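*Asks:* Based on the provided sequences and hints, a complete structural model is requested.
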Amino acid sequence: MMKLSRRAAIGLGLGAAFAFSTVGAYAADPIKIGFPANVTGVQASLDGPMLNGAKLAVAEINAAGGVLGSPLELVTYDSKSDATVISTVASQLIDSDKVVGIIGFADSDSVLSIGPQVDKAKIPFITPGATSPKLPSQLGDQVFLAAFGDNVQAAVGAEFALNKLGAKTGYLLTDIGSEYTTLLSDYFVSAYEHGGGKLLGKDTYKIGDKNFTAQIAKIKALPEQPAFIYASSNAEEIGLILKQLRQAGINLPVVGGDGYDTPLLLEVGGAAANDAYFTTHAFMGEGASPAVQAFSDAYKKATGNAPENSFAALGYDAVKLMADAIKRAGAPEPAKIRDAIAATSGLPGVTGTITYRPGVAVPDKSVSVIGVKDGKLMLASEAAPAFVPEP
Amino acid sequence: MSQLEYIIQQIINAVSLGSLYALVAVGLSIVFGVLKLTNFAHGDVMMVGAFTTVLLIGIGMPFAPAMLCGILASAVAGFLIERIAYRPIRNAPDVTRLLTSLAVTYILENLGILLFTSSPRNFPLPDILNTSWQLSGGAITFTNINVLTVALTFVSLIGLGWFITRTTIGLGMRAAAEDMQAAQLVGLNVNKVIIIAFIVASAYAGLAGVLWAAQAGVVQPQMGFTPLLKAFVAAIIGGFGSISGALLGGYMLGALEIFIVAFMPDVVVPYRDAIVFALLIAFLLFRPGGLMQPNREIKL
Amino acid sequence: MKADLRIPLAVAAALILAAVVAFGAPHVVGDYFVRILLLIALNSILVLSLSLSNGFTGVFSLGHVGFIGAGAYAAGILSLTVQQKKALLPHLPDLLNWFSLPFLPATLAAGLFAAILAVIVGYPLMRLSGYFVSVATMGFLIIVNVVLINASDFTRGARTFTGVPLATSLPWVLGWLAVTLLVLSRLVYSPFGRRMKAVRDDTIAASAVGISVLRARLVAFVIGAFFAGVGGSLYAHYLGSFSPNTFYFAMTMNLIAMLVLGGMGSLSGAIIGVICVSILSEVLRSVERGFTIGDITVPALFGASQIVLGFLFILIMIFRPKGIMGDRELTFGLSGRSANHNQKEGKDR
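Chains as they are written, first to last, in our numbering: chain G, 1 to 391; chain B, 1001 to 1300; chain R, 2001 to 2349.
Simulated from the structure, these hints should not be mistaken for lab results.
In this text, all values refer to a predicted model and were calculated from it rather than measured experimentally.
Be aware that a few hints might be false.
Listed next, the in silico DSS-like pairs over lysine-lysine satisfying Cα-Cα at most 30 Å (straight line) [claimed, not checked]: (1) G:Lys327 with G:Lys202; (2) G:Lys301 with R:Lys2086; (3) G:Lys202 with R:Lys2085; (4) G:Lys122 with G:Lys327; (5) G:Lys32 with G:Lys168; (6) R:Lys2322 with G:Lys134.
*Replies:* Below, the structure written as structure tokens:
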């Protein structure tokens, strides 16, 4: 999906220390859950916080007596954002470590890499952060998403623009260098046009680009100015895009997906980030819900810094989801756990309540729309979309 | 917005981008000129300068002194790289040296990831540099950091011109670039010349790194790679090893990239990098000396 | 000449042993170790194919992974089922969308595709020498990456190419490794191979005695690309899903490290390099996540493995620039004469 955040590795070190210390007070053997994480490479800024969140959840569960009388143990390897390493790590987890379930990854690519193996070994797999709604149909019935699908968040973004911003015309800027941004744009186009919006133009750039002045000059040269811009961007670029837009005198609202959800949006964007809106999993700023606040405090205590982004919370929720399923399964057996996950209903989490409809491995969750006002994040709306594009 | 304003805006964009490419390419060319080394680690020396600057601003140092310290840090990094990694293999074949520089890149980048994680960090630019100028009723805009980039490119290059034409060491560098063996025969201290060339080139990398990061708004350990690739193209178009060539190549590349995005049809735009690197290959094949050294022969 | 034939024989004997391992291993050891073995064999094919141009002919290409990527995508497109093509690649031209090839023909086609690409690219580029050819081939790699990302009718663009059947198994890879080794050892230790090495060691002298430098380089480049394409197909059928960035600089760096460590002028060296780097990476990957011995807890230092490999690489460059094997071959004692012969050749440089 994208990347972001800071000090994740230091946090990881600390996290590792407290994870180690919690196992051992139990007489029973620990229940092993695999957690492959891309803590180095392009995905590090998402997977790092996610791993910290997961470790926090494990520590909490173990402090409260574990699951079925056994402590949980998170077996972690660095999969280095590399498809080959991911497949090796998967076999190591399944074959050598004998985990009963696997949780991992914030991007669809990595999930696609591990998918065939979990399907073959019939090990239930939850991805906390990947949001492509096509994953379960591509990879079989062991794969579950803990987050909403990109089709849902794109639809919420489109409806927010149409109804709350009153923007009947738009301009689309897409990062064509990643699966997440391309997919998000496709869903956005169908939802926005379905809702009666009209796109006045489209442009592209590639992840890693630093100069968007040429694309911006093109927007200014349009015969009719759009009412808003949908920028399907990853974390590194969005602050910069906003800055360069505002410097060029374009003060239109900019809407996007959960790729914006990092401190970089405000740090890099500064005042230019005002009037930017994004769809994401949970609102973690001032005045957040008590559940989020409690998570935030615990995370700060464990790692020394506030949650870098909502992926920390998603990692936390995914572990709680897995633990809940193991409890309901009654035994740490993969097949039973898988069925228990599929039957999850009304499980409260930091990022919303998780329910799987029968046969659908993407949960129905509400989407938070967060806006920037006076240099601060605020909850602009929380909604489920009226129309959702086909995955 | 009129067509003319659009063109002027894109020219401004091209000059600003070209300045950055030129700065990186000049450093690359100095090292190549003296050592005949394609220094892949140049981009990571940029990263060292940019990170130092960000960390110093983070502890409260103002922008200008922090930037100078960043440049200094790059120079020191360049010095150390030369002493530790490159000097032992100075007389090895081209490919060995190229590979060593790749390994240095690999180490510096991963060291950066280990120390700072691969997540991007904000580059805190003072507000004054973020201020933008609006001309022609807001149709044409540019910011103070653009102005600063172009100005520093010119000032530093004039300084470099003075250094290599008026000082003994600078002249020695040019002599070594022309013919290392002859320079050695007439009593030139090769070690000194090489180390100075490395320090100068790395200081350039530091300056380029800070300006690049300032415009990009973020620093991260792998930030040096893209500018390095672009600078290779710029340096080769201009004439690898020629400082004026690197300057020319940098501006030409900046102009070409902006031209493709601004004026080419939408189907072509995503192929920008492919066009740029195809141009690189074409130059290597048909005009290996680049624009500045038309008679250079590097074929079989 | 007789001596030259013994290397293939030695290799073949070793490979028969390996074949026994290939079919036996899955029953004896777990999936994880089978995968490590498979990756070692697969990377051996890739590094061997790289050694032909970079090691034996002295054309240091940084674009080899471009051929691997081209082969992977070509094989992937050919072996998707017709239904998958309709779902994943709806804009695929009619020429390609009505059939689906089995593993072996798809792999051969991938090799051929990469080889044809190598003829087109190599014909101009093989005129360049030294770092210029390195930079030019690096340009080729970048162009391949850009094309893979943008030719989305064929490749799905930056989105993951998925659904390739997981057909690559240990016997398949070892079989292809045997073919690669046989072809390469026949080629490298033939008169034509000596011409390649002459071109590498002294280009001017080689052309002075009538050797066509371009031809020698082009043959090495194209044959190398064929096996790179084959390796790409094996990779595609191993991973099942991949994206353009799977075949980019990280893989380039990895293969070069393996080649240089093992020795650039030696087939057995290439394989030894792969084994050393693979095992080292695996060990470091398990160590870097932190461990506890008694009361001492070593915290996780993710990323440390890459740094250790980088330093090792530089040390090799400084102290043993020819790698572990240099120009020598490991012949399992079956052909002492051949080894001597090679050493003599090594001295000629």
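*Asks:* Each of the hints needs a verdict: does it hold here or not?
*Replies:* Against the structure, the hints:
1. Of the supplied pair hints, the one linking Lys327 of chain G and Lys202 of chain G is violated, its CA atoms being roughly 49 Å apart against a limit of 30 Å.
2. Using a Cα cut-off of 30 Å, the hinted pair Lys301 of chain G and Lys2086 of chain R is violated, with the two alpha carbons roughly 51 Å apart.
3. Only pairs whose Cα atoms come within 30 Å are accepted, and Lys202 of chain G paired with Lys2085 of chain R is accepted, the gap being roughly 27 Å.
4. For the hint pairing Lys122 of chain G with Lys327 of chain G, the CA-to-CA distance comes to about 19 Å; that is within 30 Å, so the pair holds.
5. About 51 Å separates the Cα atoms of Lys32 of chain G and Lys168 of chain G, which puts this hinted pair outside 30 Å; it is violated.
6. Under the criterion of a C-alpha separation no larger than 30 Å, the hint pairing Lys2322 of chain R with Lys134 of chain G is inconsistent with the structure, at around 49 Å.
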